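K.L.:
Sequence:
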Amino acid sequence: MRSTDPAGNRARGRGDRAVAGLPLRGRDREITAVREDLEAVRAGRGACVVVEGAPGVGKSRLLAELDEMARRSGFDVVSVRADELDQYAAGAALQSALGSSAGPHRAAVATGDQRLWLLDGIADALETRAQRGPVAVLVDDAQWADPATLFVLRTLPGRLAGSRILWVLAVRPEAERPTVATVRADLERLGARWLTLGPLSQQELEQIAADVLGATPSPGLARHLRGVAGNPFLAIDLVRAFAGTDAVKVAAGVASLVHDGIPAGFRRSVAARLDRLPEDAVRLLQMGSVLGREFDLGTAARMLGRRVGSLLSGVEAALNAGLLSADGPRLAFRHDLMRQAVHENLPQAVRTALHREAADSLRGVGARSAEVAWHVVMSGGPVDEDAVTTLTTAVGELSASAPDAAADLAQRIAGLLPPHDRRRVTLLTDAAEYLGRTRRVHEALDLVDATLSDRLEPLPEARLRLVAAEIHQAAGDDDAAMTHLQRALDLPALPPDVRVRLLKTKGTGHVYLGDITAAEQTDTGLVAAAYRGDDPAVVVSAMVFQSQTSFYRGRLARAVELAEEAAGRVGTESGALYLRPPRIPALWLAMTLLATDRIADTERILRDGQREAEALGLGWSLPHWHATRACALLEQGALDDAAVEAEASLTVADELEITRPNARARSVLALVEIRRGDLARARDHLRAAEAGADPTTQRYGRWVTLARACLADAEGLDAPAAAALAAGFGDREPTRLLAVPPSHWPGIVRIALRGGNPSVAQAVSGALRDLTARDDSQRIIRAVRAHVDGLLHSDPRGLESAISAYRSGGRPLALAAACEDLGELLATSADTAPAIPYLEEAGELASASGALRDHERIRRRLRRLGVRAGAPRSHTAGPPGWGNLTESERKLIPLVVDGLTNRAIADRLYVSIHTVNTHMRHIFTKLGINTRVELTRLALERGGIADGAN
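In terms of the working numbering, the sequence shown has 857 at position 857, counting the first letter as 1, and numbering is strictly consecutive.
A couple of the hints might just be wrong.
[To be verified] Derived Cβ-Cβ restraints for the label pairs, each shown as a range:
| # | residue 1 | residue 2 | range |
| --- | --- | --- | --- |
| 1 | D776 | D497 | 37 to 43 Å |
| 2 | E68 | A43 | 17 to 23 Å |
| 3 | E279 | E457 | 49 to 55 Å |
These are computed hints drawn from the structure, not numbers from a lab.
These numbers come from a predicted model, not from an experiment.
Each residue gets a CB set at the ideal place from its N, CA and C atoms; glycine is no exception.
Using the sequences and the accompanying hints, generate a full structural model.
P.N.:
The structure is reproduced here in structure tokens:
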């Protein structure tokens, strides 16, 4: 793929009457539609157009016209044209065309998932240009675009819909690549304008002939135009072929045929047209058709066994015939239809042999591994050791930016190898791992099953089952993961390092399933062996494992100590950066701190860790960072910001094509909506959270159980609410209680008591006694225990003790709940006056946090006591308007007015780009606008918004 002017400056032969400057015929409807989109983008709203049509129907010509129109209208035009060789390229051609880079705040990495890293860099470059003026992004032959560019085209038109960017893709309708089909489907859902180019009419073809010849075609010449089936490229080529001979004469403004037959220069086939060229030109074109639409003359010469200088006459003949162009450093076929025709006229055996030779030649000169891979695949095998090495390199390079394309390539390469070749199993194992990172998880597991059916040797089978287990764990199906791990461990003669990895993953699986005893039994020297090894990732992983078992056993101080040591090692050991969530040390550290008195530290740890993950291209971890931040913000009573982070988690997961349920983020959103009072939206989020595995056994099942119980309680279904809690929190083991942060524990007791299930309340109380007996270092745990016992025994002194401890704990909703509980208890006495201050404080805290439903419930209670309480503070509920913007949203507006891009805003506020994107969507929705231009205008008209935001 290269950046180019779509119109090109094609070489002109005889009869080519300024072809590059020919008027566009028969596309008035399409031009009108595109002109409307140009005007819409100039006005500040993004737009997307998909131009679809068969080869030669005029897609490139329409893009060339659009390029000129956009430039005349003051657009900054970014234009790229794909080539068939780009399908396995690891980079993003659109990034190269933009000249964008990661910037000083990012590090280039060779491993890891770089999709979001590329995406954010390109988004930032486009936003920066769009701030200066409208931008048009034109992608021709998108069916061949490199996978990273396709990922951008699938994602950014929606993300940057509020920026002045026009996206135009030209694509063939028969494109078979799954990623191209995904782009088409996503753009269709986004509402892209679809322009399908059909055949031109006979009258329009005759107009084209007149443009080329400078004279009206005679009836005889017009009759021949009917044979091109309305294809303008073939019509131009046919007319040029006539004009390039003595077969046409022009008299009185009419171009007539000298004789009725089709001249030897065309004969309706490119093969016959080549007969007129010197042999050097024919051989050059044949070799070029094998090398690709664009090809290097030196490579073609080497394959022909010639020196470059000896081919100059052939090059000149091909250029004069209008078959090739030489606009850049490589020769290029003027149209891919021409290349395909030359290529397909070669016998199959010749094509196969030439592609194999091309692969060898290109590999010998250090060409791109993607280019070599394409030729090997086209050759159909067999492949030698060197070819497999090159192909494996291509797969590895591609996996960072396009794991699905890497998986497809790996499977194609495996298909070229003999059935029992060990390299074949390795490639299929890699393919399954890469597919597991995308929405094609089911394909990954099907591939695992198909490969396992081949009766593998123990070591390849163990490695494949380990990949399958990690895919299942990432999808939340821990039971299936454990089955694969146990079968792998039962295999004989496994190397120690593989066995350690299997045991480590199994121990983590037991932690996920809440079976800490089994996790500890899995250790059996595993941790000690890890510390003796020299792999930093294994050592850090062992520390995290120890921290997890300590945490769920209730030894919180020890858990935090181990997590901090693991996180500290990551700063000096780069190999430990690629652990999977939630084993990433900083991520796990933040989760442990949520259950301690150091909750204020979680914001810094999560913010720094998330930005480092973004900078390093660890895109697969970002949904977990956002979800954990959502949990932390919910624990701190920041409902609006918690919802934003949870939504960002879902958005990033969607961009990464992760389709498995994001139960934790969905549960947080359900809990936020319950407190806000929007029970319908809470139900929607809960249904999404419950999709897939049984919530009682899935990793974040306690979150789902809590959300389900809280929703039933809000709906007045007391008994079902209490029953929902029994499976998740019905025993005295702290393990289950610690699956959710402490401020939720008193609510579990309250719901259980209201629903007539005191056994759950007693189990929570017992778990808290055991927890404080094992580690009495945390003030928050003592406060929650006092709160729970106060509820369980209707003890005002216990509730007063909890309130006193909560006041310095940074958990306003926990304090509000304790105040409300004490107020309700005191209101049952003859003298209700002491209840009022507690209920008023609870109402103030609920209002400040955005818990509108809680605030309204407390207002009703105060009215029954004869007290008129104030209205809640404005948050996100209610009609659209400035008053409904949150504090975090208001901070963004002056920065938008100052012209900062979303990336620059994220850097200024030290938050994630995805958090900023979510805030911007909310601002647009609340203000009823669609673009940054409208936001800037409204902010300036309103005046004072910048001051308010600051």
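K.L.:
Note whether the CB distance of D776 and D497 lies within 37 to 43 Å or breaks it.
P.N.:
41 Å, holds
K.L.:
Taking 17 to 23 Å as the hint, is the beta-carbon distance of E68 and A43 inside that range?
P.N.:
Hint holds: Cβ distance 21 Å, inside 17 to 23 Å.
K.L.:
At the C-beta level, are E279 and E457 separated by a distance inside 49 to 55 Å?
P.N.:
This hint holds: roughly 54 Å between Cβ atoms.
Of the numbered hints given earlier, the model fails none.
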